[in-house]
Each structure stands twice: as structure tokens, then as C-alpha cells.
Amino acid sequence: KGGIPCLQPLDPPDSPMPPIRSPSPAPKVVDVPSHASQSARFNKHLDRGFNSCSRTDLYFVPLDGSKLAKKRADLVEKVRREAEQKAREEKEREREREREKEREREKERELERSVKVAQEGRPVDCPSLGPVPH
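The letter at position 10 of the sequence shown is residue 10 when you use full-length UniProt numbering, and the numbering goes up by one with no holes.
By construction, these hints were calculated from the structure, which means they are not laboratory data.
Since the structure is predicted, the reported quantities are computational estimates derived from the model, not experimental observations.
The C-beta atom is built at its ideal place from N, Cα and C for all residues, glycine as well.
Be careful, since some hints might not be right.
Subject to a maximum C-alpha distance of 25 Å in a straight line, what follows is the list of computed BS3-like cross-link-like pairs (lysine-lysine) [claimed, not checked]: (1) K91 x K78; (2) K78 x K67; (3) K44 x K71; (4) K101 x K91; (5) K70 x K44; (6) K101 x K86; (7) K44 x K67; (8) K71 x K86; (9) K116 x K91.
Computed Cβ-Cβ distance ranges for the label pairs, DEER-style [stated by the list, open to error]: (10) E90 x N43: 36 to 44 Å; (11) V79 x S15: 55 to 63 Å; (12) R80 x F42: 21 to 29 Å; (13) R72 x D31: 18 to 26 Å; (14) P62 x E102: 46 to 54 Å.
Construct all of the structure, not just a fragment, from the sequences and the given hints.
See the structure below:
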């Protein structure tokens, strides 16, 4: 007939199913030296048994006196100095804000004094406002 072709059920795949594997063993923390060179030491952090191919299983420790150890120490010192400098600058900004608030309070007190004296009828010269007219 000239209708829509009928779909045939799919045949099972020719390739066999992959074998069921057991899960990898749980990693154990071992922290043992694995490899050492003139300038560094690699420590094995995790033991995954037969499946130990992860880069995170090892960590790198530069030996004292190596270029990398010096670079890391210099970087730590630089970060510490920058943090101290930032703290000093912040303290100085805080002190400056306090001084500015004190100057504002002093101006307000001076203005109050000049207004009070002007209300009493005496001429007053206020350095920040100039002479007060009557």
C-alpha cells in the first residue's frame, strides 16, 4: 500500500555490554614522600589503590633555599607589607575624618557664639564669617 512505512523494532546492538566494574577504592590519606629532587619534594596525599592517576593526589613542597621557596617567601612578605600599608592608610584616613568632624564642630560652636553675641547687640568679628551686621 502507499501509506507511511512501518517502523521495524530495533535489533539489539551488535557490541556486547561493557563488563560491570567495581567502584574504585575510597581514597585514603597517607601523606608520604613520593619523589624528591634538588629543589623540591612531592608528597603523596591520597592513595587510591590501583587507580592513582589524579594530579591532586600529590602536592609539591619547595625545599628551603630553592628559587621557588625564595619566591614564595618573597610573595608572602610582599602581601604582608601591602596589608600593613593598607591598614596604616585606613587608620590615617580615619584620623583625617575625625579631624574634619572636629573642625566642623568647632565652626558650629564659633557660629553659635557669634550668633549669641550678635543677639546681645555687640558687634562681633568672626574669622570664618566676617563682621556680623546689626
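Tested hints:
no.	hint	verdict
1	K91 x K78	holds (20 Å)
2	K78 x K67	holds (16 Å)
3	K44 x K71	holds (23 Å)
4	K101 x K91	holds (15 Å)
5	K70 x K44	holds (23 Å)
6	K101 x K86	holds (23 Å)
7	K44 x K67	holds (22 Å)
8	K71 x K86	holds (22 Å)
9	K116 x K91	violated (37 Å)
10	E90 x N43: 36 to 44 Å	holds (39 Å)
11	V79 x S15: 55 to 63 Å	holds (56 Å)
12	R80 x F42: 21 to 29 Å	holds (28 Å)
13	R72 x D31: 18 to 26 Å	holds (20 Å)
14	P62 x E102: 46 to 54 Å	holds (52 Å)
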